[in-house]
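Order-wise, the sequence lines are chains A and B. So in UniProt numbering, spot 49 of the first sequence is number 49, and the numbers just go up one at a time. So in UniProt numbering, spot 37 of the second sequence is number 37, and the numbers just go up one at a time.
Some hints could be false.
Unchecked claim - In silico lysine to any residue, SDA-like type, Cα no more than 20 Å apart, as pairs: (1) Lys12/A with Phe3/B; (2) Lys33/A with Thr37/B; (3) Lys71/B with Thr37/B; (4) Lys12/A with Lys138/B; (5) Lys39/A with Arg78/B; (6) Lys12/A with Ser133/B; (7) Lys11/A with Met5/B; (8) Lys39/A with Lys138/B; (9) Lys50/B with Gln17/A; (10) Lys32/B with Arg40/A; (11) Lys33/A with Phe80/B; (12) Lys12/A with Lys29/B; (13) Lys50/B with Ser28/A; (14) Lys11/A with Val48/B; (15) Lys33/A with Val31/B; (16) Lys33/A with Ser109/B; (17) Lys39/A with Lys32/B; (18) Lys135/B with Ser109/B; (19) Lys33/A with Asn53/B; (20) Lys39/A with Ser109/B; (21) Lys33/A with Lys71/B; (22) Lys27/B with Met1/B; (23) Lys39/A with Val48/B; (24) Lys138/B with Gln17/A; (25) Lys29/B with Ala89/A; (26) Lys33/A with Val34/B; (27) Lys33/A with Phe3/B; (28) Lys12/A with Ser109/B; (29) Lys33/A with Lys135/B.
Claimed, not checked - To give an idea of the interface, some chain A residues facing chain B are shown, with a C-beta separation under 10 Å as derived from the structure: (30) Gln17; (31) Phe31; (32) Leu115.
These are calculated hints, taken from the structure and not from any lab test. Backbone N, C-alpha and C define an ideal beta-carbon position, used for all residues, glycine too.
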Amino acid sequence: MNCEVALILDKKYEQLQNISDDPLSQTSQVFEKSLQYVKRFSRYKNSETVKQVREYPSFQTVLSRNRLAEFELCVLGNLCPETVEEAIAMVPTIKTKGRFEDDDAIEKMLHDLSLIKKFE
Amino acid sequence: MFFHMVLERNMQLHPRYFGPHLQEKLKSKLVKDVEGTCSGKHGFVVAVTKVDNIGKGLIREGTGFVTFPVKYQCVVFRPFRGEILEAVVTLVNKMGFFAEAGPVNIFVSNHLIPDDMEFQSGDAPNYTTSDGSVKIQKDSEVRLKIIGVRVDAAEIVNSDAGLAGKKCFDHTFARNEHNLDNCPVEK
């Protein structure tokens with residue numbers, strides 16, 4: 001997820017800062033741009049919350065039972081859809097048979113995820 | 001989307017570095033060589049996070065260079081067709097607009113911008129809906145769907161994208177109004 005990348009890149013940036021006074025000259029443009037991007041678009045602020053989202057029970061059960069792929073999880077985590085329709089438009093595969101019983105189940109998941117964000 | 005993955009690379013090292021700090025030298029050369037590069041298969045290599053394993057070197061005849069197979073972990077960014085992501089608008093003109101998602105440049109043609117959005121020229125060119133509630137201009141945040149990816153000779157990925165489907169699009173609108181210059185982006 002974007003927020004995890006932000007954590008990794010930030011740490012690396014700090015390390016570079018310790019080594020030299022001008023860390024930006026050491027890094028590539030790709031690194032710089034990516035860092036700006038993930039900082040702008042990361043939804044969760046600290047590593048605790050990220051962990052909570054990753055370990056969200058229905059993700060875990062869905063991951064094990066129905067193989068909700070990691071990238072599907074990441075898209076949901078990155079974009080934080082608010083409605084079921086939105087979520088299905090972003091990740092069409094979540095409505096594949098057997099993943100969730102019905103729309104209510106998806107809605108519950110989205111609601112729980114937004115709660116995690118609220119209480120971080 | 002960003003990925004964390006293990007890659008392998010054969011590193012050539014000049015004989016002058018053979019000595020006490022060979023491993024360190026190899027690591028810094030790896031970082032210098034691969035960070036910022038782009039390949040069609042893995043996309044952009046953003047950062048090397050860890051060097052897992054440095055294999056046995058093989059001396060090349062004639063040159064004296066030694067080739068080491070190196071296994072390393074890195075963060076890569078690769079856009080996929082059909083993926084929905086967020087981007088920052090960098091340039092708006094009558095053909096459409098350009099946006100940036102990390103290292104990737106994205107072009108959205110005006111054919112793929114909804115019909116009810118009109119191009120407005122002027123100091124700050126933008127696309128505006130008829131009721132003026134939504135504006136796409138420089139520094140706006142948009143949510144879009146990638147419809148094609150191209151890696152060109154300059155090793156910059158260009159993605160052609162359409163604004164994400166109607167349902168997401170309404171949401172795009174909601175976010176769009178938050179211009180970074182004017183107000184803090186809600187997170």
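So, going through the hints one by one against the coordinates:
1. Lys12/A with Phe3/B: holds, 16 Å
2. Lys33/A with Thr37/B: holds, 13 Å
3. Lys71/B with Thr37/B: holds, 17 Å
4. Lys12/A with Lys138/B: violated, 30 Å
5. Lys39/A with Arg78/B: Roughly 18 Å separates the two Cα atoms, so the pair holds.
6. Lys12/A with Ser133/B: violated, 41 Å
7. Lys11/A with Met5/B: The given pair, whose Cα atoms are some 18 Å apart, holds under the 20 Å limit.
8. Lys39/A with Lys138/B: Roughly 18 Å separates the two Cα atoms, so the pair holds.
9. Lys50/B with Gln17/A: Judged against 20 Å, a Cα distance of about 18 Å means the pair holds.
10. Lys32/B with Arg40/A: violated, 26 Å
11. Lys33/A with Phe80/B: Between Lys33/A and Phe80/B the Cα gap is close to 19 Å, so the pair holds against 20 Å.
12. Lys12/A with Lys29/B: Judged against 20 Å, a Cα distance of about 17 Å means the pair holds.
13. Lys50/B with Ser28/A: At roughly 17 Å apart (the allowed maximum being 20 Å), Ser28/A and Lys50/B satisfy the hint.
14. Lys11/A with Val48/B: holds, 12 Å
15. Lys33/A with Val31/B: Given pair Lys33/A, Val31/B holds - Cα atoms ~17 Å apart, limit 20 Å.
16. Lys33/A with Ser109/B: With Cα atoms ~23 Å apart, Lys33/A and Ser109/B exceed 20 Å; violated.
17. Lys39/A with Lys32/B: violated, 24 Å
18. Lys135/B with Ser109/B: Between Lys135/B and Ser109/B the Cα gap is close to 16 Å, so the pair holds against 20 Å.
19. Lys33/A with Asn53/B: Violated, at roughly 29 Å.
20. Lys39/A with Ser109/B: violated, 27 Å
21. Lys33/A with Lys71/B: Roughly 25 Å separates the two Cα atoms, so the pair is violated.
22. Lys27/B with Met1/B: violated, 26 Å
23. Lys39/A with Val48/B: Answer holds: Lys39/A to Val48/B is near 19 Å, not above 20 Å.
24. Lys138/B with Gln17/A: This hinted pair is violated, its Cα atoms lying about 31 Å apart.
25. Lys29/B with Ala89/A: Status violated; Cα separation ~43 Å.
26. Lys33/A with Val34/B: holds, 16 Å
27. Lys33/A with Phe3/B: Roughly 16 Å between the alpha carbons, so the hint for Lys33/A and Phe3/B holds.
28. Lys12/A with Ser109/B: violated, 36 Å
29. Lys33/A with Lys135/B: violated, 24 Å
30. Gln17: violated, 14 Å
31. Phe31: With a minimum Cβ separation of about 6 Å from chain B (threshold 10 Å), the hint on Phe31/A holds.
32. Leu115: violated, 15 Å
Checked against the numbered hints above, the structure breaks hints 4, 6, 10, 16, 17, 19, 20, 21, 22, 24, 25, 28, 29, 30 and 32 and satisfies the rest.
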